[in-house]
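From first to last, the protein sequence lines stand for chains A and B.
Heads up, the first sequence is in this note's numbering, so the first residue is 1 and it goes up one at a time.
Heads up, the second sequence is in this note's numbering, so the first residue is 1001 and it goes up one at a time.
Derived by calculation from the structure, the hints in this document are not laboratory data.
Just to be clear, a hint being listed does not mean it is correct.
[Said to hold, decoys possible] Quick list of in silico lysine-lysine cross-link-like pairs, DSSO-like style, CA-CA up to 30 angstroms:
1) B:1041 with B:1064
2) A:2 with A:56
3) B:1041 with A:99
4) B:1041 with B:1066
5) A:2 with B:1014
6) B:1064 with A:99
7) B:1064 with A:2
8) B:1014 with B:1041
9) B:1055 with A:111
10) B:1020 with A:42
11) A:99 with B:1020
12) B:1014 with A:42
13) A:42 with B:1064
14) B:1055 with A:42
15) A:42 with B:1041
16) B:1041 with A:2
17) B:1066 with B:1055
[Stated by the list, open to error] Stretch-level coverage of chain A by chain B, calculated; a stretch enters the list once three of its residues show a Cβ under 8 angstroms from a Cβ in chain B:
18) 42 to 48
19) 54 to 60
20) 101 to 108
[As the list claims (entries may be wrong)] A few chain A residues that don't get close to chain B, going by computed Cβ distances all over 12 angstroms:
21) 18
22) 26
23) 82
By construction, the Cβ of each residue, glycine as well, lies at the ideal position given by its N, Cα and C atoms.
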Amino acid sequence: QKEVEQNSGPLSVPEGAIASLNCTYSDRGSQSFFWYRQYSGKSPELIMFIYSNGDKEDGRFTAQLNKASQYVSLLIRDSQPSDSATYLCAVNSRAGGFKTIFGAGTRLFVKA
Amino acid sequence: GAVVSQHPSWVICKSGTSVKIECRSLDFQATTMFWYRQFPKQSLMLMATSNEGSKATYEQGVEKDKFLINHASLTLSTLTVTSAHPEDSSFYICSARDRLGGTDTQYFGPGTRLTVL
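Assemble the whole structure, with the sequences as input and the hints as a guide.
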């Protein structure tokens, strides 16, 4: 089992719809969780981080964390073509010292 | 958010030469920086963890004598690709760990695209 798993996609949604990106992780000791966006040919850019169970909203983005289920998700409301990118889930674990584990990413296409 | 810069943004060199890439945290101090490599349409691959004032920790399969890492200050880490070959052509990305304010977050530099002829 991979430490951080994401569906590679591509996930295709129409403009204006809600895009739902999911991520599961294996280390129950994980403390903090991040979503990065990476456009083709560019480096990853931090979108959101979440530490506590529940929802965290920032503009059109909502991160959801469920530590019991070891599940974190990112919702993008009113999706725009400019949201088309690869979204990386990352998890910080204190096991064996500080370590950030990245998922392989989910490619999102928003169709105009 | 915190800002991380990389220089150069792209470089073309001849086979056998060495190339140095700089990574700087501009508005925070980073005791830990990371170096990644990414081939087209592939995932980020962690190469090494760079800790200020100590030797870097390399991931399995990464040659430490080929990819020299120096982290001499709290805001600067360098990666030197020694005796570069065409197979070293890739997108090299650094990130810096920001631990202040209760966060423990990695911020990425814009990346350096290396082409070895």
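Now the hints, each set against the structure:
{"no.": "1", "hint": "B:1041 with B:1064", "in the structure": "25 angstroms, holds"}
{"no.": "2", "hint": "A:2 with A:56", "in the structure": "26 angstroms, holds"}
{"no.": "3", "hint": "B:1041 with A:99", "in the structure": "24 angstroms, holds"}
{"no.": "4", "hint": "B:1041 with B:1066", "in the structure": "24 angstroms, holds"}
{"no.": "5", "hint": "A:2 with B:1014", "in the structure": "38 angstroms, violated"}
{"no.": "6", "hint": "B:1064 with A:99", "in the structure": "20 angstroms, holds"}
{"no.": "7", "hint": "B:1064 with A:2", "in the structure": "26 angstroms, holds"}
{"no.": "8", "hint": "B:1014 with B:1041", "in the structure": "25 angstroms, holds"}
{"no.": "9", "hint": "B:1055 with A:111", "in the structure": "47 angstroms, violated"}
{"no.": "10", "hint": "B:1020 with A:42", "in the structure": "20 angstroms, holds"}
{"no.": "11", "hint": "A:99 with B:1020", "in the structure": "26 angstroms, holds"}
{"no.": "12", "hint": "B:1014 with A:42", "in the structure": "24 angstroms, holds"}
{"no.": "13", "hint": "A:42 with B:1064", "in the structure": "26 angstroms, holds"}
{"no.": "14", "hint": "B:1055 with A:42", "in the structure": "28 angstroms, holds"}
{"no.": "15", "hint": "A:42 with B:1041", "in the structure": "12 angstroms, holds"}
{"no.": "16", "hint": "B:1041 with A:2", "in the structure": "19 angstroms, holds"}
{"no.": "17", "hint": "B:1066 with B:1055", "in the structure": "15 angstroms, holds"}
{"no.": "18", "hint": "42 to 48", "in the structure": "holds (count 5)"}
{"no.": "19", "hint": "54 to 60", "in the structure": "violated (count 0)"}
{"no.": "20", "hint": "101 to 108", "in the structure": "holds (count 3)"}
{"no.": "21", "hint": "18", "in the structure": "25 angstroms, holds"}
{"no.": "22", "hint": "26", "in the structure": "17 angstroms, holds"}
{"no.": "23", "hint": "82", "in the structure": "18 angstroms, holds"}
Comparing the model with each earlier hint shows violations of hints 5, 9 and 19; every other hint is respected.
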